[in-house]
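Colleague: Here are the chains, one letter per residue:
Protein chains: 2
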Amino acid sequence: MQEVGEFGFIDSILPKLGKRRDVLVGPGHDCAVVRSPGRAWLVTVDSLVEGVHFKRHWLSPRQLGRKSFLINASDIAAMGGQPRFCLVNFGVPPTYRSADLVRVQAGIVSAADELGAAVVGGNLSQATQLSITITLLGEAPSRLCTRAGAQPGDQIFLTGTIGAAALAVHQWLRGGTPSGAAVRRFREPEPRVRAGKALVESRLISSMIDVSDGLVQDLGHVCKASGVGAHVELERIPIAPVCRKLPNSATRLALSGGEDYELLCTVPAHNLTRLKHLQAALGCPIHRIGEITHGRGVKVVDATGKRLRFDHGGFDHFASRR
Amino acid sequence: MQEVGEFGFIDSILPKLGKRRDVLVGPGHDCAVVRSPGRAWLVTVDSLVEGVHFKRHWLSPRQLGRKSFLINASDIAAMGGQPRFCLVNFGVPPTYRSADLVRVQAGIVSAADELGAAVVGGNLSQATQLSITITLLGEAPSRLCTRAGAQPGDQIFLTGTIGAAALAVHQWLRGGTPSGAAVRRFREPEPRVRAGKALVESRLISSMIDVSDGLVQDLGHVCKASGVGAHVELERIPIAPVCRKLPNSATRLALSGGEDYELLCTVPAHNLTRLKHLQAALGCPIHRIGEITHGRGVKVVDATGKRLRFDHGGFDHFASRR
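If you're matching them up, the sequences are chains A and B in order.
Going letter by letter, the first sequence gives residues 0 to 321 in numbering that gives the first Met the number 0.
Going letter by letter, the second sequence gives residues 0 to 321 in numbering that gives the first Met the number 0.
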């Protein structure tokens, strides 16, 4: 009997779609892409569940609302889209204060508003755990870019820095007090909407994903969807400054910790010069971290050429985080 | 301090939308209506939570999946739309068997397929309670019909019969064994997609809603949104045969029990003859049960003219149903 907790399970139970001309991209990517005559839409759903994704004292209700929206916007960014409409489903314990729920909702609305989206509907159910599930619809760009499309020889790029949010979680779970930089990063992801649009519209990239479950795991999704492998150079990974002061374990955390919400994309070698010229339009730094290879799986090597091993590639919802 | 459980709370915390030309109908109706240049979409979200909306032995996993989809399709039907795309969010306890989750998903897909819709994406999170949240996108009809629009003098109509699903729940909760007819009705709602389309496209109706929380409560939503009252004749209400054999309390249950997923609509008096001619196109019976009035609130009167009192208008997620 397979366990429900087995990683990646949602993809394995979602159906293989038959030939529907109105579904351009089905399950297995950051967003599905649907269209009705003419216009294509990106659609995505993601959830934050108390005790699984956060503890109540890690975020204020408003911050929780903002983050619920922002992590969905990151999926839209990963396919080069523009967030437009969202629906919110709340699971709420009877003891949760209504004033706090209003704050959660205000946080969702403020984040949506900043990115040009509107909250158009919702549902509220009683539940034992607080949870916020947001479905976000985004305008699709004029061309589609998914996780599938990376080719051997393509260079792997990553926006921003990684590791800080995972560090905050790691320290909270061990009873520590994370630094302000780490906490801010956990609380307020910065979905790379502008960079996502620019990268997709530029036609310079062959695949893209957002890094939500950890670099190694999410790059693994690209490799699997594209039928390729990846070679990553540890020294090139833009580890967040707050993690760099810490021992080696922080590096490992940065690679597998998750919640970074940066963009990971692959660029054919002949596009590298043009990518340089695009950098100013991205609104964030972008770094080359490795190369797509023949074969399969993600290999991370240090400066001496030694391969790092990961027992567990990234954030697993069924790992104990309570 | 307001309690989270206060009825109708979701509407009160969802934002009043400013002037966005791309949002035709915002929160407070069965679906929101959004559009991108040209085409309008209905979007809705609804959730089934174990211990709140069902107990595990009331439905097989496949039936649970089907019902999760069908209750959303009912919201699309209530606005005359055609279900098209859905996203599924699962909250799953670690002990839940993956084979059962596959059956839930198969149930969703089978129901979606029967109604012409595709499951295009999803998300799975660990949770203490089993829950299935579905966001459904539907094609909007060429005109919009919401809960707002009922006028004094309009006649109130209801499709099908009501009360059987609530009877099953009532009997299960008291340790009884509901009859097959009641159980089937609870397990497999029949969203009135065909009737909803025909009613909206006919332009004969002034408002519509689906009866999911109980007739009195849902008619109350129409009254509130339209700024009117309603006068309902008890004798005219199409109570399900399985409830008719039971004492008076079953009638009360039929009016306030919920989970009927029938359509309730209002029809200006001058359209009544044309509505008769439409009946064959609906695919289900439709009955006149009362009239919209000046004033506010829903009044149900028996054959002697005596008014029935309801402590509690319908299904409340925060009432104890465990």
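Heads up, some of the hints might be wrong.
[To be verified] Selected chain A positions facing chain B (in silico; Cβ < 7 Å):
| hint | residue |
| --- | --- |
| 1 | L23 |
| 2 | P26 |
| 3 | A126 |
| 4 | I238 |
| 5 | N270 |
FYI, nobody ran anything at the bench for these hints, they're computed from the structure.
Built from N, CA and C at the ideal position, the CB exists for glycine as well.
Colleague: Does each hint fit the structure? Answer for all of them.
Modeller: Hint by hint, here is what the structure shows:
no.: 1; hint: L23; verdict: 10 Å, violated
no.: 2; hint: P26; verdict: 5 Å, holds
no.: 3; hint: A126; verdict: 5 Å, holds
no.: 4; hint: I238; verdict: 28 Å, violated
no.: 5; hint: N270; verdict: 29 Å, violated
Figure legend: structure checked against the earlier numbered hints; hints not met, in rising order: 1, 4, 5.
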